[in-house]
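If you read the protein sequences in the order shown, they are chains A and B.
Using full-length UniProt numbering, you'd call the opening residue of the first sequence number 1 and step up by one each time.
Using full-length UniProt numbering, you'd call the opening residue of the second sequence number 1 and step up by one each time.
There may be inaccurate statements among the hints.
[To be verified] Distance condition first, Cα-Cα at most 27 Å in a straight line; then the derived DSS-like pairs of lysine-lysine:
| hint | chain 1 | residue 1 | chain 2 | residue 2 |
| --- | --- | --- | --- | --- |
| 1 | B | Lys256 | A | Lys128 |
| 2 | A | Lys77 | B | Lys256 |
| 3 | A | Lys77 | B | Lys173 |
| 4 | A | Lys145 | B | Lys188 |
| 5 | B | Lys187 | A | Lys112 |
| 6 | A | Lys112 | B | Lys81 |
| 7 | B | Lys173 | A | Lys145 |
| 8 | B | Lys287 | A | Lys112 |
| 9 | B | Lys187 | A | Lys145 |
| 10 | A | Lys121 | A | Lys145 |
| 11 | A | Lys77 | B | Lys83 |
| 12 | B | Lys81 | B | Lys165 |
| 13 | B | Lys287 | A | Lys111 |
| 14 | A | Lys224 | A | Lys249 |
| 15 | A | Lys132 | A | Lys145 |
| 16 | B | Lys165 | A | Lys121 |
| 17 | B | Lys308 | A | Lys112 |
| 18 | A | Lys124 | B | Lys187 |
| 19 | A | Lys20 | B | Lys188 |
| 20 | B | Lys188 | A | Lys3 |
| 21 | B | Lys256 | A | Lys124 |
| 22 | B | Lys81 | A | Lys111 |
| 23 | B | Lys188 | A | Lys128 |
| 24 | A | Lys128 | B | Lys83 |
| 25 | A | Lys20 | A | Lys3 |
| 26 | A | Lys236 | A | Lys249 |
| 27 | B | Lys81 | A | Lys77 |
| 28 | A | Lys77 | B | Lys188 |
| 29 | B | Lys165 | A | Lys124 |
| 30 | A | Lys236 | A | Lys3 |
| 31 | B | Lys165 | A | Lys145 |
| 32 | B | Lys287 | B | Lys308 |
| 33 | A | Lys121 | B | Lys256 |
No lab work stands behind these hints, which were simulated from the structure alone.
A quick note: this is a predicted structure, and the numbers were derived from the prediction, not measured.
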Amino acid sequence: MLKLNNISITFNEGTPDEKKALDNINLELEQGDFITVIGSNGAGKSTLMNVISGNLMPDLGDVVIDGEPMLHLPEYKRSAFVGRVFQDPMAGTSPSMTIEENLAIAYSRNKKRRLRLGVTKQRKGMFKEQLKTLNIGLENRLTAKVGLLSGGERQALSLLMTTFTEPSILLLDEHTAALDPARAALITSLTEEVVRNSGLTTLMVTHNMQQALDLGNRLIMMDKGQIIFDVRGEEKSRLTIEDLLHAFKRIRGIQFEDDRVVLG
Amino acid sequence: MFISIFGAMESGIIYAIMALGVYLTFRILDFPDLTVEGSFVTGAAVAASSIVNGIPPITATILAAFAGFIAGCLTGVLHTKGKINPLLAGILMMTALYSINLRIMGQPTISLLQETTLFNQLGSLWSATGIDAFLNNILSTIGLEQLPTTWAILLVMIVITIIIKLLTDYFLKTEVGLALRAIGDNKKMVRSLSANTDLLIIFGVGISNALVATAGGLIGQLGGFADANMGLGLIVIGLASIIIGEALFSTKTIAKATLAVILGAIIYRIIVTLALRIDFMETGDMKMITAIIVIAALVIPRVLQARKENRRRQQKRAQLDQQLRGSSDA
Ligand SMILES: Nc1ncnc2c1ncn2[C@@H]1O[C@H](COP(=O)(O)OP(=O)(O)O)[C@@H](O)[C@H]1O
Ligand SMILES: [Mg+2]
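One chain only, chain B, in its complex shape (with noise of 0.2 Å):
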């Protein structure tokens, strides 16, 4: 149970930069871009192939990152000069980009297996720290019994996480970033201010594909393999990040926002965890599981509200009831 808690969290604080980079998309440019179920695998792709022909990890990961930006540029040039509504766009560059990682990975799945990766790399420094024996410690005085076998990717994930996530707060506070959230709402006011809003937008997309591809070259180093179909559904997993984060944290400024896409991110894993967990339950029901979750955050809070409208409606009415009874008596 806490071992597959920890591996949850492990993989939830990486796909937690796949859902800011959707957050940037869906909420701040308010443009529902699907490239990412294609520059997610490109991410993994370009890393994987990249390590398997003696590139460092680290320079991979980079590529990857630099080859989501690329996607997510086509895609917003798509949108903006070739005047495509933002969903085909996405879903056009999505699926031209299945044909380009096959291309890039030459096989349709890359093992990564016998490589050393950013992960293996990190796992040799830090046994060195000694900080897992710390930490395990604790944990088998408190009376757990299954260990995780290190901390490393952890923590160091939670950095490398927390170190995008406050770059991403930085840039939306810019001045370029402050004219890419008013597209989201008010496009023609952005260009009445000198802005070019088509340049944002390609900017925005971009940047957005690249944090996607950035998690999609780790996961692969953390799962060892990268493959054409793992992508599929991902757009719906970053969406319930959101929407779970959203639901359970305040978005009252940006930094809180992107705070709550994290959190939701890694609460998200979290539960189709315990999900799969159930007895009859499938990992291929997985998919399934992630949109039940999206369509109860989206309606429960829906429910609720006309619930409580409900009931004061009722209430209101029993009081003038009791007025009128009272009036009546009188």
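Chain A extracted, bound-state conformation (with noise of 0.2 Å):
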């Protein structure tokens, strides 16, 4: 699946801005793994992120995608393998563009784009069909300017738009972080629910622990550009906030401080 070798990345090498963003990471992901992933504010969760859809080089170490390295792929190549949904619901849609156009370019994600219709009535019922499940009404909107659409609605939308043609990963980056909380509770069922029915393998960031503990089989703590907690299957389910906040003290020596973390 996807295997994370000593990877190592340091931004502003040798100013005094210099920044260990990822320290020796080692991460290696099973099929249909779904990991949550916490850790202070600067821990290099995002950095992480970009170093798996390839949109920025490591200095050191390896990216393998089902047995294939993926460093020498530009990201617009490895993007046939990572599936991403980003933080800010503007970034994951074309606004200018309707529901079915969007869907469309999304579901060439990982076939060749030919000089074919996008959207013929075949791929329209088809398209219709997944925007059911998403339970939001939008399969009455497909003509509609994805613009006109709401946050929630576009974050709903992005969702579909890069789970659909199952990816080998799927990244979340914090992606109820900029909705309100009905939103972002909707948003999290939904992706719950995606989950579980396609079976794919998932990193989600998130910096409500809770939810962290609530979803997946597996969480890493990440601090300091390293991954310092590491937990799976059983021993994950019984897990608390509380142990969480008392393995951080353990093993950093202080406490676990971040303004922006939701303790649940």
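Join these two chains into a complex; the hints should help.
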């Protein structure tokens, strides 16, 4: 599945702003793993996502997906394997185009794009079926411009656009953080449903500790560019927020501190 | 009067092809491409020197389109691979094309007056059909005295431009075209959905300049010459056409937007022609008129909007005043 070997990356090396954002990261995901990632602000979570997606080149180490080394592939080629939903609801869709056109662009993700119509009658039917699973009525608005949708609707559409072609890896980087609580809850439950139904191998960054505990079969905690805590299965399901805070204190010798982290 | 408007429509429908090209870069790709000032001339230069060298006009016109495509692709490469800002990439290409165009022509101007152009050929085929006589009969019965010498150019160019428009519309709905359209909106998303944005931009700018060069090749044949300076100010003409079209017609769908651009190009020509009929205007004033049209089209809607807002606010205030007065009376 996904394998990260000895990944390190340092920003602004040799300047006063030098920052070791990832420090010898090793991580192996099994097929169908759903991993939640927590960690204080600046821990390197987004950097890790960017290294996997190909948006950033690590200084050292390898990224291997389905046995294939990824580092020599440009970002656009890697995204045939890696699907992403961004934190910003504006980032995942094209506002001046319609819902069906956005879906058509996403549908070509792991196929060759040709000079044939992107939205056909047959595809329309399929898009409609897919939109129905979101349960927010988008199936009746196929020809509406995406710019007219609310942030939550856009994020739901982004989630669908990223997942319905079943990438090898799904990366979610605080994809509910920009939404109000009700919409965030909706997107969270949609995410849970999509991942459960499709069995996608998923890495989800969240700053909500309770959510990190509730979702997925494995949890990793990052700090200062390192993975400092990694629990899975049975052990994870028994974990509480107190346990997490204790673990952090034990490992780092200091209190976990991040004003953004939602404790529960 | 009628004859000059007729002439304006003739060249307007050809310039519409150029405007479609500019629309592709400026609106679809969000890539303000100035290459067009050079590639338009390249189109005319390639067509003219091919025709002078005995190549059939239709082939010459296709060669012109191809030359424009190459020029546009180079600008795309400068931007995507060379990381040069779009405006600068276009200016660099336009500057280089000036020299290249002189090389293609071998002299600053080529005259086609002694040559057979696409439009001469068309005219001789056309005169056999008798359509001219028919249409001119209608015009003279409604009392027009000066009649156009031929309808061939206008009618055939309408057909050609509409075919190009329909092909463009179709292209923008294909899998490739959809990805291209999303680039102008959200490059990050396009990349994350595994489309090669660099290649799409190169291709898009190439297609745009192919259209512009086609228009250049046709305008050269219509006017009977190619000149190294005939592209000057062209980008503003293209923008004027787009802005006029968008101001007057709906742009809700791609098909409507491209139609609006075509109509905008024709209306622009007519406005300029009429403006030049004013006594103190000279041909050299055309560029200034164009600039004024663009400025007016950009500024007037804003001013109108601001006025509307102002009026709305004043009404609200007046209402509130009245309510307050009403309650204090009571
Ligand atoms: N492109 C960059 N250039 C310089 N520093 C960066 C860059 N991206 C991230 N960083 C720094 O690397 C560290 C990790 O950032 P990030 O991965 O975004 O953290 P988070 O865990 O909050 O997502 C931070 O200190 C951040 O300031
Ligand atoms: Mg982050």
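Q. Hint by hint, which ones does this structure get wrong, listed from lowest number up?
A. 2, 8, 12, 13, 17, 24, 32
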